[in-house]
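Please build the complete structure, drawing on both the sequences and the hints.
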Amino acid sequence: MKILVTSDTHGMYDDISDYILSHEDIDLVIHAGDGVEDVKYIGYETGIKYYVVKGNNDYFEKAPLEEVIDIGDKKIFLTHGHKYDVYFTFEKIIKKAKSLGCDIGIFGHIHQYINEYKDGILLLNPSSPSLSRDGSNSFIILEINDTIKVNRVIIE
Numbered sequence: 260m261k262i263l264v265t266s267d268t269h270g271m272y273d274d275i276s277d278y279i280l281s282h283e284d285i286d287l288v289i290h291a292g293d294g295v296e297d298v299k300y301i302g303y304e305t306g307i308k309y310y311v312v313k314g315n316n317d318y319f320e321k322a323p324l325e326e327v328i329d330i331g332d333k334k335i336f337l338t339h340g341h342k343y344d345v346y347f348t349f350e351k352i353i354k355k356a357k358s359l360g361c362d363i364g365i366f367g368h369i370h371q372y373i374n375e376y377k378d379g380i381l382l383l384n385p386s387s388p389s390l391s392r393d394g395s396n397s398f399i400i401l402e403i404n405d406t407i408k409v410n411r412v413i414i415e
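Under our numbering, residues 260 to 415 are what the sequence shown spells out, in order.
Calculated from the structure, these hints are not laboratory results. Keep in mind it's a predicted model, so treat the numbers as computed, not measured. Some hints could be false.
[Said to hold, decoys possible] With a Cα cut of at most 20 Å, we get these calculated PhoX-like pairs of lysine-lysine:
| # | residue 1 | residue 2 |
| --- | --- | --- |
| 1 | Lys-321 | Lys-357 |
| 2 | Lys-355 | Lys-308 |
| 3 | Lys-321 | Lys-342 |
| 4 | Lys-321 | Lys-299 |
| 5 | Lys-342 | Lys-355 |
| 6 | Lys-261 | Lys-308 |
| 7 | Lys-261 | Lys-408 |
| 8 | Lys-334 | Lys-357 |
| 9 | Lys-342 | Lys-308 |
| 10 | Lys-308 | Lys-333 |
| 11 | Lys-354 | Lys-377 |
| 12 | Lys-299 | Lys-333 |
| 13 | Lys-333 | Lys-261 |
| 14 | Lys-261 | Lys-351 |
| 15 | Lys-354 | Lys-334 |
| 16 | Lys-354 | Lys-342 |
| 17 | Lys-351 | Lys-299 |
| 18 | Lys-342 | Lys-377 |
| 19 | Lys-334 | Lys-321 |
[As the list claims (entries may be wrong)] Label-pair distances were calculated between CB atoms; the ranges are:
| # | residue 1 | residue 2 | range |
| --- | --- | --- | --- |
| 20 | Asp-332 | Glu-415 | 31 to 41 Å |
| 21 | Asp-405 | Lys-308 | 17 to 27 Å |
| 22 | Asp-277 | Lys-308 | 13 to 23 Å |
| 23 | Asp-405 | Gly-360 | 15 to 25 Å |
| 24 | Asn-374 | Gly-331 | 12 to 22 Å |
Think of the CB as a built atom: it goes at the ideal place given N, C-alpha and C, for glycine as much as any other residue.
See the structure below:
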């Protein structure tokens, strides 16, 4: 399965929709918050299924704060991250992912790309497609088959 992972679109989601429309092999979108309304538009424009959680700037949206997603034999813990102090530590998000039996933890909030294994959990943060704080606007293409493959897509 090929999944586009994004977060923190903050109303600027055209690059995501354009990518999906030009890459017919994308099966799913996962959005880690601060753009609940955006992913609804992405779904409408592309016809693609999505999962989304509420971020700290999704004030009036009705979306969960957390989600567990089963993809094949892998489990993904999805959260925005603001309730887990991700600016300071990843320990709380790792502990939560492990308690849920997840293999992968996806979060946003810090607008910085993260792709690292910590304590048996693959932590992913796609940065932001428009408001990166690490110098490169981006999203992730996550492939889950027999193996897990992560590819960062930089938006020029």
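These are the hints, each one checked on the structure:
1. As the CA atoms of Lys-321 and Lys-357 are separated by approximately 26 Å, the hinted pair breaks the 20 Å bound.
2. Of the supplied pair hints, the one linking Lys-355 and Lys-308 is violated, its CA atoms being roughly 25 Å apart against a limit of 20 Å.
3. Between Lys-321 and Lys-342 the alpha-carbon distance is near 17 Å, which keeps this suggested pair within the 20 Å criterion.
4. At most 20 Å may separate the alpha-carbon atoms for a hinted pair to count; Lys-321 and Lys-299 meet this at roughly 12 Å.
5. As the CA atoms of Lys-342 and Lys-355 are separated by approximately 11 Å, the hinted pair is consistent with the 20 Å bound.
6. At most 20 Å may separate the alpha-carbon atoms for a hinted pair to count; Lys-261 and Lys-308 meet this at roughly 12 Å.
7. For the hint linking Lys-261 to Lys-408, the alpha-carbon distance of about 9 Å falls within 20 Å, and the restraint holds.
8. Distance check on the hinted pair: Lys-334 and Lys-357 sit about 10 Å apart at the alpha-carbon level, within 20 Å; holds.
9. With a C-alpha separation of about 26 Å, the suggested pairing of Lys-342 with Lys-308 is violated against the 20 Å cut-off.
10. A distance of roughly 18 Å separates the Cα atoms of Lys-308 and Lys-333; the hinted pair therefore holds under the 20 Å criterion.
11. The hinted pair formed by Lys-354 and Lys-377 meets the criterion: a straight-line CA distance of about 10 Å does not exceed 20 Å.
12. For the hint pairing Lys-299 with Lys-333, the CA-to-CA distance comes to about 25 Å; that exceeds 20 Å, so the pair is violated.
13. Of the supplied pair hints, the one linking Lys-333 and Lys-261 holds, its CA atoms being roughly 13 Å apart against a limit of 20 Å.
14. For the proposed pair Lys-261 and Lys-351, the alpha carbon gap of about 28 Å is over 20 Å, so the pair is violated.
15. In summary, the hint linking Lys-354 to Lys-334 is supported, as the alpha carbons are separated by about 14 Å, within the 20 Å threshold.
16. For a cut-off of 20 Å, the pair hint linking Lys-354 to Lys-342 stands: about 13 Å separates their Cα positions.
17. Between Lys-351 and Lys-299 the alpha-carbon distance is near 29 Å, which puts this suggested pair outside the 20 Å criterion.
18. At most 20 Å may separate the alpha-carbon atoms for a hinted pair to count; Lys-342 and Lys-377 meet this at roughly 19 Å.
19. Pair hint Lys-334 plus Lys-321 does not hold up; C-alpha atoms about 23 Å apart against a cutoff of 20 Å.
20. Range check, Asp-332 to Glu-415: Cβ separation about 36 Å, and the 31 to 41 Å hint holds.
21. At about 22 Å, the CB distance of Asp-405 to Lys-308 agrees with the hint of 17 to 27 Å.
22. Distance hint check: the CB atoms of Asp-277 and Lys-308 are about 18 Å apart, consistent with the given range 13 to 23 Å.
23. In this structure, Asp-405 and Gly-360 meet the distance hint of 15 to 25 Å, their C-beta atoms being roughly 20 Å apart.
24. Distance hint check: the CB atoms of Asn-374 and Gly-331 are about 20 Å apart, consistent with the given range 12 to 22 Å.
When the structure is compared with the earlier hints, violations turn up for hints 1, 2, 9, 12, 14, 17, 19 and for no others.
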